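Let chain A serve as the given structure and place chains B, C and D on it in line with the hints.
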Amino acid sequence: MLQYIARRLLLMIPTIIAISIVTFIIIQLPPGDYLTSLVASMAETGEEVDQSALETLKARYGLGQPIYVQYFKWAWGIISRGDFGQSFEWNKPVTDLIWERLALTFVLSLSTLLFTWIVAFPIGIYSAVKQYSLGDYVFTFLGFIGLATPNFLLALVLMYISFKYFNQSVGGLFSPQFVEAPWSWAKVADLMKHLWIPMVILGTSGTAGLIRIMRANLLDELHKPYVVTARAKGLPERRLLLKYPVRVALNPFVSTVGWTLPGLVSGSAIVSVVLSLPTTGPLLLRALMSQDMYLAGSFILMLSVLTVIGTLISDILLAWLDPRIRYQ
Amino acid sequence: MTEARPLTPGIAVEEPAQETEINLYIASQWQLMWWRFRRHKLALIGGTVTLIIYLIALFVEFLAPTDPNAYSVRYTYAPPQRLHFIDRTDKGIRIHPYVYGYKVKVDKVALRRTFVIDKTKKYPVRFFVKGTPYKLWGLIEMKTHLIGPVDPEAPMYLLGADRMGRDMLSRMIYGTRVSMSIGLVGVALSLILGILLGGISGYYGGSIDTLIQRIIEFLRSIPTIPLWLGLGAALPPNWPPLRVYFGITVILSLIGWTGLARVVRGRFLSLREEDFVLAARLDGSSELRIILRHMVPSFLSHIIASITLSIPSMILSETALSFLGLGLRPPVVSWGVLLQEAQNVRSVATAPWLLIPGIAVVVAVLALNFLGDGLRDAADPYA
Amino acid sequence: MANQDQDILLEVKGLKTYFFLDEGTVKAVDGVDFEIRRQQTLCIVGESGCGKSVTARSILQIVDPPGRIVEGEILYHRRNGNTTEVLNLAAMDPRGQEIRAVRGKEISMIFQEPMTSLSPVHTIGNQIMEAILLHMPVSKNEARDTAIDMLRRVGIPKPESRINDYPFQLSGGMRQRAMIAMALVCRPSLLIADEPTTALDVTTQAQILDLMLELQEEMGMAIMLITHDLGVVAEMADDVVVMYLGHAVERGDVDSIFHDPKHPYTRALLRSIPKVGLKARERLDSIRGMVPDPYHRPAGCPFHTRCDEAIPGVCDRIVPPRIPLGDGREVRCLLYTEEYAGER
Amino acid sequence: MADDLITRDEEVLLEVRDLKMHFPIRRGLLRRVIGYVKAVDGVNLFIRKGETLGLVGESGCGKTTTGRCILRAYDPTGGQILYRQKDGQIVDLSQLDGKALKPYRREIRMIFQDPYSSLNPRMTLLDIVGEPLRVNKIASGKELEDRVAALLRRVGLRPEYMRRYPHAFSGGERQRIGIARALALDPRLVVADEAVSALDVSVRAQILNLLQDLQQEFDLTYLFIAHDLSVVEYISDRVAVMYVGKLVELADTEELYINPKHPYTEALLSAVPKPDPRLRTRKHRIVLQGEVADPAHPPSGCYFHPRCPYARERCAKEEPQLRDIGGGHYVACHYAEELSLRGVIGEGIVAQ
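Residue numbers (my numbering), protein chains in the order written: chain A, 1 to 328; chain B, 1 to 383; chain C, 1 to 344; chain D, 1 to 352.
So here's chain A without its partners, still in its complex pose (with noise of 0.2 Å):
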């Protein structure tokens, strides 16, 4: 199991190389760059261009130097440094911007994991056990409503009815009192209080896609040969039920997590944007069309680096069920 890990995560080294790879390929996709816009748009409104900062700033990063120079210097920085760049437009480190819309981030993502899975599994089950019966039928059809609504118009249309009809307008993780205020515990409080309505947008399709999918593996599991044996042995039905289909079903179930979380991150950016929420989504699509290259670099290479975590941990929940992983 230990050696299955250890061999897991070296291979998530040239995975994690490769995307920051081709994340910094993307960042430098747009024509121009931030630099060359700055001091256009600089020259427009007549301000004095300091050229000594801009040769500064050029020679940190290696601006027009050829690419695989300037891929160097920013991947060294960010491994000897922890040096994400600097965000051109905010005029700051990157790390001062990310760290806490990722927290933030994770916060939601995680909590409508949690809730994703504890409206899907049981309606999952009683999917699969009680096939055909009206339940599944009016589950089944939600279900795929969920799937069909793109999450940012659940948004807005949420939106619209709040502002409509309670005259309150949802968005935001956080009470106006609170958005600047440092840490505490009424922060926390007040979190927890907005945090429902973007984890229930979120959720909505992901939660239909995982009915979908328990539904689907229970069925296929209810009527193998071994629930018979367990039957023959006289274990009582809903015993039965939750100790042999459900754990041999919840195998695929949980190989699906890994994708789920990051799923679920990326997401929350559209969603984020609608409801304007102080995680990443926002300042990424802003500092995409503004081609503030080293800050959406930056989280276009955290989100993925979430992605490969998620997915090892999937993996190795999945070896940890599964017996059959497990001593291979």
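Just so you know, not all the hints are guaranteed correct.
[As the list claims (entries may be wrong)] Here are the computed lysine-lysine pairs in the DSS-like style, where the Cα-Cα straight-line distance is at most 30 Å: (1) K224/A with K41/B; (2) K27/C with K16/C; (3) K243/A with K130/A; (4) K130/A with K27/C; (5) K16/C with K224/A; (6) K164/A with K108/B; (7) K105/B with K122/B.
[To be verified] Chain B regions said to be covered by chain A (calculated; three or more residues, Cβ under 8 Å): (8) 316-323; (9) 338-344; (10) 354-361.
[Claimed, not checked] Pulled from the structure, derived: some chain C residues nowhere near chain A, Cβ distances all over 10 Å: (11) E11; (12) L21; (13) V70; (14) G72; (15) N80; (16) T83; (17) P274; (18) D285; (19) P298; (20) I323.
Everything labelled a hint here was simulated from the structure, so no lab data went into it.
All values reported here derive from a predicted model rather than from experimental measurement.
The C-beta atom is built at its ideal place from N, Cα and C for all residues, glycine as well.
Quick look at chains B, C and D alone, frame taken from chain A:
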């Protein structure tokens, strides 16, 4: 012991088998699939709706009452009108379609313009009316619209108007073409990549397979939306709309092909082990013939089902990207571009009809999902 | 005769188990009668689709829906000291406490595929101990010791460590041994074995069959063995039931079934199998035609379409009744009724 | 086996010499080869024209792999497959590939075990049975239909059924379709791999009889691979027994069944349940201990020695070669002459 089969004619049974059975025996896989698909009510409905949506996409110019980009400052955020049929006038009751006009009322307190229906003004509406001239499919010059006001200048906003007084109904119909086709084109692109690489991977196996599998795994480990956002932002803003359109489809299919490649590879791998493929080889069939004649028919149906199921995710992705302003941009009209109008809660509050394109997205995606589910269940009629 | 009643462990009377499918009703078991005597082996033999497995599952009421018992009685003679209590298993609620107390404790079952019949994600120890803990008032440690003892008893080497193995870590033969250990750990009075050796090789089959006979001698349980292999029947059975398309067409003791078969199907079946040691290259008698599919059961006697002795206009109309032949033998064939005996 | 039996004996149609088929076991990310499954590990056998050679063994012993090597569905790792052409020329099939194999694909044909997966459910009988005729450009159009009709008739199916799909047929009928396909090219050698083991008892006899009739009629040679000893005895002239990739014994059927010379053959024969309750063999049945060896890690010396009741010291050290102990009875056992083993004769009576 696999003797028990639901279908058994047989040399021993001398009485002629019944008519329906004979049909079953000589039914090709497509007939069997159709019979199986037919039992799936939701899939049938989904299929019909999909068909209708694609028909709409095909005849956009004819179906839309006006030019989607025709604007009118007078009717900014005009609410949807009802289409009336029964006209009670002094002269009696006449049955013909018409809409009422708008009256502007200024709310003195909120300092806002609001529209109210003006019952004094009736604008007759006709089917197959002559209106703005257009070129159907860019080829045939026509003037006839399915529906429209008799007087081309008369206001008709059955689904309301947007910020610039453009007709939402026409825009939504035009959006259908772009949004639905982007799914098709994207899937077609992914399909070519997927079948090619998945086929190579599955057929040759070995180190090529390993390499392709690693690439797929890698592509899947990159979170899609940030990747799309990054690539979407990379599209130069000065590109002409058509090029942006293809740029977006390429971006979407960059991820999409991995899913299809997996399906194709999996099918290839399992089929390669089938006895009937070995039998074909021992018959002396060439490799090409084995693939085309013996293997492809066995997974074509599965591929079709997977395609149907991957169109909706393309549509959703396009909508999301365009919604954020990183995908298609005006003047191109797609559902995502239309929803961009509804991005802030204030405009939604004043003009909730801006959300209607969202309904179109949900309906299209639902229909395609139902259809795909039905196809998938019917894909293997011998199981 | 009282003595013989004492002997009876299980009586199946007029059992009918049907499957209600969209395509129609499949009469998988359509009137089956037999008895199982204590400490004896009853073999149910028949080709695939004849309903032998469904019969076995009906006894424990573990037929998967849409199948269910529509008629008949399954009388289990439970012995409590000197008194015998008769329970009708067919009348019990399939999910109820009553039948669950019988399952695994008094009647247990093993299946054809030991790989798929054991949970892939639980150790065999876990699965065996579960059976013990369900039916016996013992602690976990005692259950573990019992399980290890039982594994040793069925010939699994190093049971102390094997108990922590998962099914996929064992070979086919070992898995079936573990299955048997699980089934016998509560010392049932009846073991139902549904094609227990079909998936195994001949030499492993010999090991498993021997093991079953040994354990039967030692524990004194009755065995109901379901098989399609007449060789296995001849090796194992005391009594035999021959099934064809849901009917028990003939039953009797093993010797008379093999040496004095009555039903045309039994006779044809015995003639159509090649026997080891019989001179090679002798032409086999085959039964013509195919087993009819369950949706198109022939009217009258289900075998008449393939029967060389069928009487036209009679066998295709009249469902043959059960005809007792004495000595516990019974046949369902019109040729043994007084009316049509002349046709034989 | 004597050198080049096939050149000396005109009657020999096929001789397999030291045939090896090793499948690599790959592990890890780079799919490095960490070992080999020696599915077939030095098999020698020969088949005479017009005879049926039965090949028996338990699952995983390599009998199917042997058959597929002879059909050249696999590329053997080593050894020779010498085949006598119609004109008397001898070719080594193991050395041929691609186009050069094509003429032999017509002469050596296969019948599959699984009547379901071996017929493409998406093709009609006409296409399935006609495929070999079509790809070898032997017939097309009306002529193809006529030939398929004749083939179907010959295997006992109605020619009118040729437009039907396999799902319309039961297992036994499907097996007939498979036989018709094998016959389509007028083969000389037919490899029947467990051709009847998926069938029900009552249908099995029909197919066995059909195979015998066809052999007479078309002068076919069969390699009949099966695990069922009674079926093999019934259909074979000679029988070869395999254990973990090797041939342990090869002899005329009667000789092998009555007078087995290899302890494994003896155990195999004694394990078969005899369909006669009066002959219950339990008391004198030889029950082998332990399990079949793993072909990836076979034991030293004689592969059978860990389970052999007669094993001696030498057996663990030295690998016995297949040798003729007289009368065309080949055994791979050091002590074949010394052991007195039990066979079966008559209605399964155990001989001493």
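- Task: Identify every previously stated hint that the structure contradicts and give their numbers, smallest first.
- Result: Violated hints: none; all satisfied.
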